[in-house]
Amino acid sequence: MIELKRITKIYEMGDSQVLSLNDLNLRIEEKGFLAVMGPSGSGKSTLLYTVGGLLTPTKGDVTVKGTSIYQLSSRQRAKFRRENVGFIFQTFELLPYLTAQENVMLPLYLSGASALEQEEAGEEALERVGLEKRACHKPTELSGGEQQRVAIARGIVNNPSIILADEPTGNLDQKTGNEIMHLLCELHEKDKLTLIFVTHDPSKAKLANRVVEMLDGHIVTR
Amino acid sequence: MADSKSPKTLARSFSDGLNSIQFGFFAIELQPVVSFKYNTVVNYNISLASNDISIAKEPTMRSLTLVSRNLSRRKGRSVLSSIGLILAIAVIISTFTISQAMEMQVGDEIEKYGPNIVITPKTQSISVPYGNVVTGNVTIPESTIERIQTIPNKANIRILAPKLYGQVQYGGDTILVVGIIPDNEIQLKKWWSITGDFPRNGTNEVVSGSALQSSLNLTVGSTLQTNDASFLVTGTLNETGSVDDYSIFVPLSMAQSMFNIVGQISIIDVGALCKDCPVEIISQQIMDAVPEVRAIPVKQAVETRMKAVEQTASFSLLLASIIMVVGVAGIMNTMLASVHERVKEIGVFVSLGADNSHLYKMFIFESIFLGLIGGLIGTLAGFFSSMLLGPLFINVPINPANTPLHLIPVVIGLSVSACVVASLYPTWRASRIDPVKALKTV
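The listed protein sequences derive, respectively, from chains A and B.
If you use the working numbering, the first sequence corresponds to residues 8 to 229, in order.
If you use the working numbering, the second sequence corresponds to residues 97 to 538, in order.
Everything labelled a hint here was simulated from the structure, so no lab data went into it.
The beta-carbon is built from N, C-alpha and C at its ideal position, and this holds for glycine as well.
All the pointers check out, no bait thrown in.
Take a look, some chain B residues computed to stay more than 12 angstroms from chain A by CB distance:
id : residue
1  : R254
2  : P278
3  : W287
4  : V389
5  : R390
6  : S412
7  : P500
Reference listing, derived: stretches of chain A covered by chain B, where coverage requires no fewer than 3 residues with Cβ under 8 angstroms from a Cβ of chain B:
id : segment
8  : 51–60
9  : 95–106
Just chain A, same shape as in the assembly:
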């Protein structure tokens, strides 16, 4: 279970301050499937990164599976991310100089897995997203949909319990976007992953069990 208690996040932008999250409360059940909607600048991504342990809130407390993650040291929080969280980004963010499989193996490398473990898990994750035949291709040799699949494989390779996807279909055409959503739904159902994704597209949001809408750092509908 993920619990955000009275989260406030203020960005300092030169002299002015931007209130990104404003006293936000949110509770996400284990194995939940949550879509976050809202206009640009409403704090959707900030919420996502705060849950993922990447963004220390100005005020408030984030608890994941009973651990208050911002009370951990940054090193422990990195370990928390390695073990529990898989990020998926709008622009995929694959490393251009590594092959698909090497990109997928990165989280395992970071957690110090052996060569054999890396290879096995990397291959398995690529199989899960249906890209085992593209393992040795560089990102530039892959289509947008394929790149996002590789990124999803990278997100799940460490067997995390939470997947955080920031507009995962934002850079894809309708058909490919639907395929990616289908894949994410499948992962949520089969692997019992908690899946939180940010989207602008109501048709994608409908797939989720629960949709929250944000405005000015608040959650306006539940």
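Using the hints, position chain B against chain A.
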């Protein structure tokens, strides 16, 4: 299920081109089988006694893979940024190579310059300066030679040539008689050339200097009749332009019995070579070991040349350290640019669970890699340029066998540490990057 994975992975490894398999002392059996899953290739079933097997294969992510891939995508820039470093290493290597070759050349020429220390008795009642030698009544015991060979820098003494001076009367003239150990004397005076031979065992046999030979009309085999004795001339010394031309040379033992001073010598000429210490130090050591003698250092060309070599070398090293500083700055600049360029990548790494130690490792590894490559290229460039330029500009042939190979680990270590130092600040900057801001940069 877990067991079935290993052979599958291994099978793929083989079909993909395996670099190496390392295993303890386990036998490994390869059986070609056709797998249904990978029906395009023939795979291998592997049975082995233990799963203690590690595979070094390209798809494995290691820090090295990461770094080499990242560097290889910007090869040109990596090399350009290392140019300062490469240059500095090349200058260091060629400086040492050339100066070592010059020192060896000077060392080989030491004999041409003759003795550089003359050992005489400390007190001399009647001294007769004669050329660069001194004749006198006071002598030193022959055992002094052994005592000299106990000094701390004894290894730097190449030749000890003891002599006993005496005189014989020829009509109204006086002829200088020099008792020598022929082999030592020849070694010290490489310019000597003899017609005939030195007297080895015979008594009353001499070699005559060229001036005496021509004025007394002596040839090999003729007899030199002095007021007291007659000598058989076994050899004549070609003209040297020194006092030697007016002397006759006899074996030391014969001179000692002729002048009735057995076991005594007049002076010792010393040929010493010391790169690291001035000849004065050796002289002082001799006087410390044998207080009753005076060891006089003879200033000469060897030292002047050695000094020139040393000065050139230290100037080159100064130059190299300046280039090194510039090189370090260049690498630091490139790494800062690289950090700046890879801001988003760093954000991705952090989101995947990298902590500062991972980032440090990545950047430090990168710098070690750069340092190794730069050091190697610089070393090769240094050796090749010195072999090319040495003979061309300063007329010193470089013998590849004499290149200072022991320097290689030193300069590569230097190059690596310079790169690591250069990477510290950029690495620190990388670790301060806010991952969320980084991920949001377009």
